[in-house]
Amino acid sequence: SDTDVRSDEPVAQQPLAYSLDQNYPNPFNPYTSIRYTIPNEENVTLKVYNIIGEEIATLVNEKKQPGSYTVRFDASHLPSGIYIYQIKTQNFNTTKKMLLVR
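The numbering of the sequence shown is the working numbering, which starts it at 189 and goes up by one.
Derived by calculation from the structure, the hints in this document are not laboratory data.
Hints are not guaranteed to be accurate.
Simulated pairs of lysine-lysine, DSS-like, Cα-Cα distance not exceeding 25 Å [claimed, not checked]:
id, residue 1, residue 2
1, K235, K251
2, K251, K284
3, K252, K235
What you are looking at is a predicted structure, and each value in this text was computed from that prediction instead of being measured.
Could you put the whole structure together from the sequences, leaning on the hints where they help?
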């Protein structure tokens, strides 16, 4: 009938949630990929630090639409070791470790 209420959204689609995935591959040399998801349009920063907290790289620093994104990190200029990557948005802040092995 004409009274049916229909949604344009696919029924099976799950709502997005904040996430920061473990980099892949890990350990890596010299490239690795980092995937993250945000449910809202907002400013996102994704930075890499060395083990003593010095900033090594800014991979993302801009407003992003809701969705999942994958960023490639090139560590070809860095020594072997543990590195920390951190995502920050208005409502989400988390870190993970990754291992560069030459």
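Status of the hints after comparison with the structure:
Proximity of K235 to K251 is assessed by CA-CA distance (about 15 Å); at most 25 Å being required, the pair is judged to hold. Restraint check for K251 and K284: the C-alpha separation of about 22 Å stays at or below 25 Å, so the hint holds. About 15 Å separates the Cα atoms of K252 and K235, which keeps this hinted pair within 25 Å; it holds.
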